[in-house]
Amino acid sequence: MTSPTQFCRLTPLALALALAPLCALGNPPLPNLQLVTSVVSINVPATAFNKSSGVALVTVSRGLVLQVTADASWKLQLRAPDPVFSVTGQKGTPTQKSVSDMSLRNTSGGQLIIPSASFVQIGNGGNTHGPQELSFDVLLNATTADSPGLYTTTLELGFR
Amino acid sequence: MKIKLLILCCAASVLIGSPLPAQTQQVTVSATIASTLALTVNTNSVTFAFVAADYSATTGLAVKTNLAATTFGVTSNTSWKLTVQPGGPAFTYTPTGTQTDPVKSANQLAVRTGAGAYLPLAPAASLTVVTGNRGGSCTTGNTVPVDYQMSSNLATDPPGTYLLTLTYTLASQ
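Taken in sequence, the protein lines are chains A and B.
All the letters of the first sequence, read from the start, carry residue numbers 0 to 159 under numbering that gives the first Met the number 0.
All the letters of the second sequence, read from the start, carry residue numbers 0 to 172 under numbering that gives the first Met the number 0.
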């Protein structure tokens, strides 16, 4: 049987250790990835098309914004599970539009990243000393070969 | 002591544990591509100058052509058609002297694209000149030169200036 003296001696340590997991519940474990943007909307107006070539290049500045928090080295990867956009509301002959018509531009390096079926690294780093924002411009290349409609796809981000 | 050890073991497993798995997040990208239909033309004026030598001495008829007098450029992301409609059933007439208006019918002007037959304008209806596919004006078939042919008859067309406005319309089909 535990004596009252023993009980008092164990309490601070037991409390500290018992509270540790509870404290961890309040803050997400590191590393952590948060989406500031979960939907990227791109609008290609009729005026965006070059009359001669029929090409339209539309840029959504800071179209994809993320927040990473890490206390050690991390890397961020991206992929597009589907190779083509799914299309709704299309008029005329159906179009298959490749997701490679889309690219991301790293604002710091100006690097263009084309999503593909396999993961490509879009960022890395070390201890962030708190939340660090990452933003990318989203670019879409459209042409008059793309029928009018709503094109959607999903990008998957992997963070470790 | 037993209690102490048990707690420490639990803590160790919480703090060290297994490596954190990669986190994945999904972002939805949606792009709305608007319908685009744009028509350009290189000139808004086509002129025919009939001179005496153009008329047949026996029949009094003259037919003049003006090849590629206008060239249209089409930019569209749908299949399209180009139609033309005259501004009225007849040319407006400004006499050289005191002649009266012969009310020269619009169907005495005809158009064509390519090497096809000339199509007389319908006085009160639109006429399909050409159809095409998606693309910019550099796309084959989306630059459309239009030839014009006008007929005149000494017996019915007094000297003067004949004017007709044509309206070209680009529409998706």
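In short, the hints are calculated from the structure, not lab data.
You may find that some hints are simply not true.
[As the list claims (entries may be wrong)] Sample of chain B residues with no beta-carbon within 10 Å of chain A, all distances over it, derived: (1) Thr23; (2) Gly134; (3) Thr168.
[To be verified] Now the stretches of chain A that chain B is said to cover, found in silico as 3 or more residues with beta-carbon under 8 Å: (4) 116-130; (5) 137-147; (6) 152-159.
Glycine included, every Cβ here is placed at the ideal spot set by N, Cα and C.
Hint by hint, here is what the structure shows:
A Cβ of chain A approaches the Cβ of Thr23 (chain B) within 10 Å, the least distance being about 5 Å, so the stated non-interface status is violated. Against the 10 Å criterion, Gly134 (chain B) falls within the reach of chain A, whose nearest CB is about 5 Å from its own CB. A cut-off of 10 Å between C-beta atoms confirms that Thr168 (chain B) is not in contact with chain A; the least separation is 16 Å. Counting residues of the region 116-130 of chain A whose beta-carbon sits less than 8 Å from any beta-carbon of chain B gives 0, not enough to reach three: the coverage restraint is violated.
Residue count for the region 137-147 of chain A with a Cβ under 8 Å from a Cβ of chain B: 9. That meets the three needed, and the coverage hint holds. Given as covered by chain B, the region 152-159 of chain A passes the check, having 8 residues with a CB less than 8 Å from a CB of that chain where 3 are the minimum.
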